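Visitor: Now for the letters of each chain:
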Amino acid sequence: MDLTFSPEEISFRDELRSWLLANNPGDDDSGTEDEMFARRCAWQRQLHEAGWAGVHWPKEYGGRGATYTQSAIFFEELGSANAPLPANALGLLLGGPTLMFWGTDAQKERYLNPILSAEEIWCQGFSEPEAGSDLASLKTKAVRDGDEWVVTGQKVWTSAAQWSKWCMLVARTDGDAAKHKGLTYFLMDMEQEGVNVRPLKQMTGGAEFNEMFLEGARIPHENIVGGEGNGWKVAMTTLMNERSGLAFFLQVRTRQLLEDLFRHAEQTGQIDDPVIADKLGALQVRAEVLRLTSYRGLTMIERYGQPGPESSLTKLMWSSLNQDVTQFAADLIGPEAVTDGTSWSYELMRARGNTIEGGTSEVLKNIVAERVLGLPRLKAV
Amino acid sequence: MRFGFDEDQLEIQRTATGLLEGRSTLDRVREHAEAGTEDADLWSELSELGWLGIAVSEENGGQGFGVVELTILLEQAGRTLACVPLMPSAAAALAIQHAGSDAQRSRWLEALSTGEITGAIGTASGGRAEIAAGAPNAAVAVLFDDEGGARLVDLADALVEPVETIDPTRRYGSIEGPGDDLPGDTDAALDLARIALAAELTGVASRATEITLAYVKDRKQFDTPIGAYQAVSHACATMYLNVESARSASYHAAWAADASPEGLAEAASVAHIAAVGGARDVTSAAIQAHGGIGFTWEADPHWFYKRAQVSAHLLGGTGGARARLAQLVADRLTDEDD
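Chains A and B, in that order, are what the protein sequence lines are.
Residues in the first sequence are numbered consecutively from 82, following this note's numbering.
Residues in the second sequence are numbered consecutively from 2, following this note's numbering.
Since the hints were derived computationally from the structure, they do not count as laboratory data.
Source: prediction; values computed, not measured.
For glycine and all other residues, C-beta sits at the position ideal for the given N, C-alpha and C.
Check the hints yourself; a few may be wrong.
[Claimed, not checked] Covered by chain A, per the in silico footprint, the following chain B stretches (three or more residues, Cβ under 8 angstroms):
| no. | segment |
| --- | --- |
| 1 | 4–10 |
| 2 | 86–93 |
| 3 | 224–231 |
| 4 | 300–314 |
| 5 | 330–337 |
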């Protein structure tokens, strides 16, 4: 057991830190959403040129070939430095790794490099209005027409769709096959008439997500990933990646919020109130336990090549912690925390999404119960 | 970074799990709990194996391993509710080794390591400890006071009275009598004792979860195992979350005790709070998931619940611990910002 970083990990971190010190543009939320996204594209190009875009990608695909731990350090440092996430986060974290596992050589050759350079942005077309947690019930249909597939249906929660060139689309290609078996995973060109994107205004007032309407969108047959009818397995590869990469970035942000609260309580003298101190201490225990459990998960991945059972817990822990930190902040900060336009009020609203996005807490508990604890699954009525 | 046990530590874990599961079955625990006795056979076996002094240095008559190795044993002792004074005795030895004088070390540590005598731990107010774990049969006690000090009490010179707590799986007692100050870093000594307690409680919570999972897979209502109902399965997922939280915190604190003294105070607080809170929540949930049977004397969940409840009162409890941790963190952040 050794919870210090190795010399290689420290030199990786120090190199990144000094690069960030010189190059980090900071998290600038001014201007329109288009302008903000353009800045994140420029940021990713900058990361790419310095070799920091695909830190966890193997060297043969243009990445840095970093270990899981180094990749975690990368996201922690990005978070600590208050740097923006790269624009093509979905391509880097989900699309690229999925292609590396399932893609043909031609697909890897064609798609991987423009993901790294942010030349081509990626989005994820999985969820539908009637297929959320029950993803396999999705209805968007793809019908073969010569060398192409013609797609009709509707997707939702499609982050970055308005800026994307490629969509990781899961559609039903065999209506007669069993629910999980009739699905196929496609790479769909977003720049065509049959694809219409409409921003979905959130309770925060912003629009990180979109609805996507597919009316006769066309996809060449060669853009199938992992084979016809194999879409469920390929999609699971994508979702496995969804629950790892970003976690460290998000956790650092939550710890920063909590540290800001400690500073606020110290400066205002609120920390001398035993009830407030007690609550801050309890939040600190949860933040620390989350950090430690994530590190245990990293060691499991490094040892066995796949996430250990603890990793399913960290999303659950983080999302409820972030909600409780922002809620307690509202008590300590006062009216500013509910005044429109303040960062505290934004966090207070945004945090409600944490226990829903990327797997609701209810579904994650089902996953823990069934796959980790071996409890029987309730038969659907 | 490697947040996991190495091969030798895994071997210690396998050996401890096998031996304690075999010797300290829940039936055996029940016999001792109902008779109000300790498991003397198990104690001599642990003594022969050298486990009692695992974290005591070789020059003081121990095995010379670290707090991590001790944590592995204590977790398994807690898992099996072993009716032996391993936790209080090992915690007293750690405190004496860390904060005792040379004379105190040579007087007590070897006898504690061989198991010839046992130790007790607790907190004292006005010279009296109300509930010290392991007190009735112990030869020596380490008592921490409210002002951050600690006293070593030779129990031959003290008045020790057994206290019947709700937890009959362990012997507790009050202690009143003169003692000598531990001259060293008693804050760190208390932190080490809290880590020992946290390790044991992690095991208690872990086993309470295991027996609950077995029960809800087996018990059927409406022709369905109750563990299939989300009201039950989600409660089980939360139990597991609490166990793994305590485990992460306990292992980290043990590592800090061995290798990162500057992080010890925060790490020990986090482990103590996470393990006490986790063990109380998990053992309560275990009773609930067992339904009516869980409320009976015949079922096993109550032993775990009772051990967790009484353990929560040892070493100052966690009532004020969260606020003290908050101040530690605030002070550290102020230092880092300056």
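Visitor: Each hint needs a verdict: does it hold in this structure or not?
Guide: Here is what the structure says about each hint:
no., hint, verdict
1, 4–10, "holds (count 5)"
2, 86–93, "violated (count 0)"
3, 224–231, "holds (count 6)"
4, 300–314, "violated (count 0)"
5, 330–337, "holds (count 4)"
Checked against the numbered hints given earlier, the structure breaks hints 2 and 4 and satisfies all the rest.
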